[in-house]
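A.B. asks: Here are the chains, one letter per residue:
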Amino acid sequence: MSTTTTRDATRPAPAKVSKTKPRRGMGGSTFNFWLFTGPFLIGLVIFVYIPIGWSAWLSFFEARYTVTPDKFIGFDNYKLMLTNGDFTKSLVTFTVFAAIIVPVTWALSLGLALMVHRLRFMKAFFRSVFFLPTACSFVAASLIWKMSIFSGVRFGMMNTVLGWFGVENIAWLANPNPPWYWLVIVTVRLWLQAGFYMILFLAALQNIPPELYEAAAIDGAKPGWQTFRYITLPQLRATSTAVILLLLVAAYQAFDEFFNLLSKTTWGRPPLVELYYTALGDDQDYGAGSAGAVILTLLICMVTMLQGRFLGFGRGDGSK
Amino acid sequence: MLGSAGLYIATGICALLFLVPFYLIVRNALSTDAEITGENWKWFPTDIQWGNVTELFDDPTVPFARSLWNSAIVGVLHTVGTLLVCSLAGYGLARIPYKHANKIFYAVLVTLMVPAAVTFVPSFVLVSSLGWVSSMQGLIVPGLFSGFTCFLFRQYFLGFPKELEEAARVDGLGYWGAYWRIVVPNSLNFFAAIATITFISGWNAFLWPLVIGQDQEAWTVQVALSSYMTNQTVNFHLIFMATAISILPLVLVFLFLQRWLVQGVAQTGIKG
Chain G
1 MSTTTTRDAT
11 RPAPAKVSKT
21 KPRRGMGGST
31 FNFWLFTGPF
41 LIGLVIFVYI
51 PIGWSAWLSF
61 FEARYTVTPD
71 KFIGFDNYKL
81 MLTNGDFTKS
91 LVTFTVFAAI
101 IVPVTWALSL
111 GLALMVHRLR
121 FMKAFFRSVF
131 FLPTACSFVA
141 ASLIWKMSIF
151 SGVRFGMMNT
161 VLGWFGVENI
171 AWLANPNPPW
181 YWLVIVTVRL
191 WLQAGFYMIL
201 FLAALQNIPP
211 ELYEAAAIDG
221 AKPGWQTFRY
231 ITLPQLRATS
241 TAVILLLLVA
251 AYQAFDEFFN
261 LLSKTTWGRP
271 PLVELYYTAL
281 GDDQDYGAGS
291 AGAVILTLLI
301 CMVTMLQGRF
311 LGFGRGDGSK
Chain E
1 MLGSAGLYIA
11 TGICALLFLV
21 PFYLIVRNAL
31 STDAEITGEN
41 WKWFPTDIQW
51 GNVTELFDDP
61 TVPFARSLWN
71 SAIVGVLHTV
81 GTLLVCSLAG
91 YGLARIPYKH
101 ANKIFYAVLV
111 TLMVPAAVTF
121 VPSFVLVSSL
131 GWVSSMQGLI
141 VPGLFSGFTC
151 FLFRQYFLGF
161 PKELEEAARV
171 DGLGYWGAYW
181 RIVVPNSLNF
191 FAAIATITFI
201 SGWNAFLWPL
211 VIGQDQEAWT
221 VQVALSSYMT
231 NQTVNFHLIF
241 MATAISILPL
251 VLVFLFLQRW
261 LVQGVAQTGI
271 KG
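Just so you know, the protein sequences line up as chains G and E, in that order. Just so you know, we're using my numbering here: the first sequence kicks off at 1 and counts up by one. Just so you know, we're using my numbering here: the second sequence kicks off at 1 and counts up by one.
Looking at chain G on its own, in the form it has when it is part of the complex (with noise of 0.2 Å):
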């Protein structure tokens, strides 16, 4: 593989020498550092950069159904982004989301990582088995969710379940009152994605040195609770300040289970939920849809930023 890659990949290298200056040895090191980076710097311009400032020139364009429109129109697609309440509603779901998702799954990971740590026999199964669910989609999860595990009727094994205790069968997705289908969104991300924060925190717990234990336990802490709140927890703070920043944006960017769970539901509605029907829905809106991700996208770097502040989040890069 390597001996076919490089024949290629050094094909332009002559022109390219000879245009700037004449080759020097083996050091040419500027030759070099665009030799390698520059493949990935282009696609990087062309698929990364072009469409955010595509989207930020086209957010102020009347573009429906086109991608080079000529009516400048200002801020009126933020305003309508803004004004008519779906997008907006989409950030309150969003909020309610990720106020749940986020501690729920962090104090789950961390705590299917503790019981794992601390197994002698078959640590390696149960660490396999917590993971599993990563090798999962979310279609395929929110597949067996919505009609096998919540489905409203007689034969979802949860109405099932509930039924030998005389409970009523729940429509769980079909209606907002009560808001079930909180349970069911949760839930299936939850399963999917604890036992990949599991292994983060499992590594971070490897890393703590056993002497500081030793050292509590001559101080006279108990084991348990309390070396847990005055050792382990202290030691865990840059993992979880990390963890929590991913479970953050990935939360942010939820779309999948939303999608496939509520499709035809007016509620339940995250951001990314609403820009895919206002840019690729109907109206093909790709105005709206572009102001839109600009808001969110702006939304999401200054949450980061702020959270970077409060936690201090990337002050420790220089340590690794």
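Don't read these hints as lab results, they were simulated from the structure. Some hints here could point you the wrong way.
As the list claims (entries may be wrong) - Using 20 Å as the maximum straight-line C-alpha spacing, the simulated SDA-like pairs for lysine to any residue come out as follows:
#, chain 1, residue 1, chain 2, residue 2
1, G, Lys89, G, Pro179
2, G, Lys123, G, Ile208
3, G, Lys123, E, Cys14
4, G, Lys264, G, Pro179
5, G, Lys123, E, Leu257
6, G, Lys264, E, Thr230
7, G, Lys79, G, Arg64
8, E, Lys99, G, Thr30
9, G, Lys71, E, Lys103
10, E, Lys162, G, Lys79
11, G, Lys89, G, Pro176
12, G, Lys89, G, Ile208
13, G, Lys264, G, Asp283
14, G, Lys89, G, Gly281
15, E, Lys103, G, Thr30
16, G, Lys123, E, Ala15
17, G, Lys71, G, Phe60
18, G, Lys222, E, Ser4
Place chain E on chain G using the hints.
C.D. replies: Chain E in isolation, oriented as in the chain G frame:
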């Protein structure tokens, strides 16, 4: 706090809960519709329906075989392409002196602030103006330039022992030669970990394939699965057989590459 037995019981109960959904997929995939939707909940199918497999692939409403094939092609090319492009760039940024390297690195870092999912509207606009909607290029190419993967490779190469490369360069290999002959062969663990993670996220991706795969011919397996949720006629046994088959490759990948995967995730996580 908990005794050893208590710990195992608690862990075991959690593990069972985590396995229930997998069990349900298999159970439903091998049942008849009557049994899945029957009044009396059954934990085991009374009569295992292997015929569901052939029925799924013969079903004309959803081109399931085609979508599996698309996903396999997209998954492999996406993984190979990402590794190639991002590892080279990561190495260049970490190791090759260039006076503007820092500025370029910041330009890469900035893209991490803009989540890929948010840019699906502008990306779609670009890809459709290139005429790539419902095409393999449209599914694969825009995803190759991951700032995050490039960042991970850079961090990894910063920690790679310099002496090895220097020896190689003294022996007359340039950067390019040293990279392919020394650095890559000594980094296979890391490449394998990133490959696994990239393949999984590619296989499970939904939003982008949904946006791009407007013709059935260009559906990936996730889009095909999702189409079952909106279909009017619901064949439960086919849906769950399709779900089972869509998960199977990844579960196999998991079982074989577990160790690398866990290492890789742990490494990426620490660097946050």
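A.B. asks: Look at each hint and say if it fits the structure.
C.D. replies: Here is what the structure says about each hint:
1. G:Lys89 - G:Pro179: 15 Å, holds
2. G:Lys123 - G:Ile208: At roughly 18 Å apart (the allowed maximum being 20 Å), Ile208 (chain G) and Lys123 (chain G) satisfy the hint.
3. G:Lys123 - E:Cys14: 14 Å, holds
4. G:Lys264 - G:Pro179: 16 Å, holds
5. G:Lys123 - E:Leu257: 17 Å, holds
6. G:Lys264 - E:Thr230: Holds, at roughly 9 Å.
7. G:Lys79 - G:Arg64: Satisfied, since the Cα-Cα distance of roughly 16 Å is no more than 20 Å.
8. E:Lys99 - G:Thr30: With a Cα-Cα distance of about 8 Å, the restraint between Lys99 (chain E) and Thr30 (chain G) holds, given a limit of 20 Å.
9. G:Lys71 - E:Lys103: 36 Å, violated
10. E:Lys162 - G:Lys79: 55 Å, violated
11. G:Lys89 - G:Pro176: Answer holds: Lys89 (chain G) to Pro176 (chain G) is near 14 Å, not above 20 Å.
12. G:Lys89 - G:Ile208: 43 Å, violated
13. G:Lys264 - G:Asp283: 17 Å, holds
14. G:Lys89 - G:Gly281: 18 Å, holds
15. E:Lys103 - G:Thr30: 14 Å, holds
16. G:Lys123 - E:Ala15: 12 Å, holds
17. G:Lys71 - G:Phe60: 9 Å, holds
18. G:Lys222 - E:Ser4: Within the cut-off at roughly 17 Å; holds.
Hint compliance for this structure: hints 9, 10 and 12 are broken, all remaining hints hold.
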